[in-house]
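Asker: This is what each chain is made of:
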Amino acid sequence: MESEGTTTDRAAAAADLAALQAGRAGMADRAMQPWWYDVALGLLVFELISSYSLRANWVTAAALVVFVAGCGALMTAYKRSTGFWVNGLRPGPTQRAVRVWVVGYVVVLALAAGAEYGLGWRGAVVAGGAVLGVPIALTSRWWTRIYITELRKEL
Amino acid sequence: MTAVQPRFDPVVHAPPRLQICGLLAAVDSMEFAAVRDSVGVSDSVLSKHVKQLEEAGYVKVGKATIASRQRTSLSLTKDGRAAFAAHVAELRRITG
Chain A
248 MESEGTTTDR AAAAADLAAL QAGRAGMADR AMQPWWYDVA LGLLVFELIS
298 SYSLRANWVT AAALVVFVAG CGALMTAYKR STGFWVNGLR PGPTQRAVRV
348 WVVGYVVVLA LAAGAEYGLG WRGAVVAGGA VLGVPIALTS RWWTRIYITE
398 LRKEL
Chain B
1478 MTAVQPRFDP VVHAPPRLQI CGLLAAVDSM EFAAVRDSVG VSDSVLSKHV
1528 KQLEEAGYVK VGKATIASRQ RTSLSLTKDG RAAFAAHVAE LRRITG
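Chains as they are written, first to last, in the working numbering: chain A, 248 to 402; chain B, 1478 to 1573.
Simulated from the structure, these hints should not be mistaken for laboratory data. Take the hints with a grain of salt, since some may be wrong.
[As the list claims (entries may be wrong)] In silico contact screen, one side only, chain B against chain A (beta carbon under 8 Å); selected entries: (1) Ala1511; (2) Gly1539; (3) Leu1568.
[Stated by the list, open to error] DSBU-like, lysine-lysine: derived pairs with alpha carbons at most 35 Å apart: (4) A/Lys326 x B/Lys1525; (5) B/Lys1525 x B/Lys1537; (6) B/Lys1540 x B/Lys1555; (7) A/Lys400 x B/Lys1540; (8) B/Lys1525 x A/Lys400; (9) B/Lys1555 x A/Lys400; (10) B/Lys1528 x A/Lys326; (11) A/Lys326 x B/Lys1555; (12) B/Lys1540 x B/Lys1528.
[What the hints assert, rightly or not] Over 10 Å on every C-beta distance to chain A, these chain B residues come out as not near it, computed from the model: (13) His1490; (14) Gln1496; (15) Gln1547; (16) Arg1569; (17) Thr1572.
Cβ coordinates follow ideal geometry from the N, Cα and C atoms, glycine included.
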């Protein structure tokens, strides 16, 4: 019969912590997404941002639908492959990757929008979308590496 | 950073429940089957422990139908996260 005790000794506590650590290590082993996940994410960001360049609301709306559906499909694929889901905006060390991405996103998008709409450089937003598609793929991978390190860290 | 106050929690303490909380603490949600496989118990044993955690307000059970199959996911509530963190802090205090 299982123990429903209200106290524990030092050896039992150490064994409990070791079991918890082993469980987290098992999750770390399968937490990394396949390469195509990051490529697809980069393409989704590219198609969404590039759509602004056509200056047609229906195109942007359609691109947004594709983006949301694509993100949903990626989420389902990740859950199927790992059995779990982790919010990208969760508190902790992974926030570092999110902050880098947000700053990069704002800077590149502002430059691209300024060039396209301010200076009239047609296609600047498409270039901005391509520039942002690569870092989101890299940041996504970096984020998961930080998460895996966190899982392997001593509790 | 606020230090977690160590507190022994008998609901979290039982080995299967401690492992369940340990897995769920690291994620937003986890499939029932993935928890079962990681903990190494049967569906019925896991259901029993999940029920106890749910009654304590520590675990939330979600059900969704995807491609005509019902999938059950588990997640720790805010209270569950706090209880687990306090229990782990207590284990660490005991081990020194």
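Asker: Now look at each hint and say whether the structure bears it out.
Answerer: Taking the hints in turn, this is what the structure says about them:
Below 8 Å, beta-carbon pairs count as interface contacts, and B/Ala1511 has one with chain A at about 3 Å; its hint therefore holds. Taken as an interface hint, B/Gly1539 does not check out: its beta carbon lies about 11 Å from the nearest beta carbon of chain A, beyond 8 Å. Checking B/Leu1568 against chain A by beta carbon gives a least distance of about 4 Å; that is within 8 Å, so the hint holds. For the proposed pair A/Lys326 and B/Lys1525, the alpha carbon gap of about 24 Å is at most 35 Å, so the pair holds.
Under the criterion of a C-alpha separation no larger than 35 Å, the hint pairing B/Lys1525 with B/Lys1537 is consistent with the structure, at around 14 Å. Among the hinted pairs, B/Lys1540 with B/Lys1555 is consistent with the structure: their alpha-carbon atoms are about 19 Å apart, no more than 35 Å. A hinted pair counts as satisfied when its Cα atoms are at most 35 Å apart, and A/Lys400 with B/Lys1540 qualifies at roughly 32 Å. Simply put, B/Lys1525 and A/Lys400 have alpha-carbon atoms about 30 Å apart, close enough for the 35 Å limit, and the pair holds.
For the given pair, B/Lys1555 sits about 22 Å from A/Lys400 by alpha-carbon distance, which is consistent with the 35 Å threshold. Straight-line distance between C-alpha atoms of B/Lys1528 and A/Lys326 comes to about 23 Å, which keeps the hinted pair within the 35 Å bound. As the CA atoms of A/Lys326 and B/Lys1555 are separated by approximately 22 Å, the hinted pair is consistent with the 35 Å bound. For the given pair, B/Lys1540 sits about 14 Å from B/Lys1528 by alpha-carbon distance, which is consistent with the 35 Å threshold.
Its beta-carbon lying about 7 Å from the closest one in chain A, B/His1490 breaks the requirement of being farther than 10 Å from that chain. With a least beta-carbon separation of about 6 Å from chain A, B/Gln1496 fails to lie farther than 10 Å from that chain, contradicting its non-interface assignment. Even its closest Cβ contact with chain A, about 15 Å, leaves B/Gln1547 beyond 10 Å, as expected for a residue assigned away from the interface. Not every beta carbon of chain A lies more than 10 Å from that of B/Arg1569, the smallest distance being close to 7 Å; the non-interface claim is violated.
At the 10 Å boundary, the C-beta of B/Thr1572 falls inside the reach of chain A, the nearest C-beta of that chain being 5 Å off.
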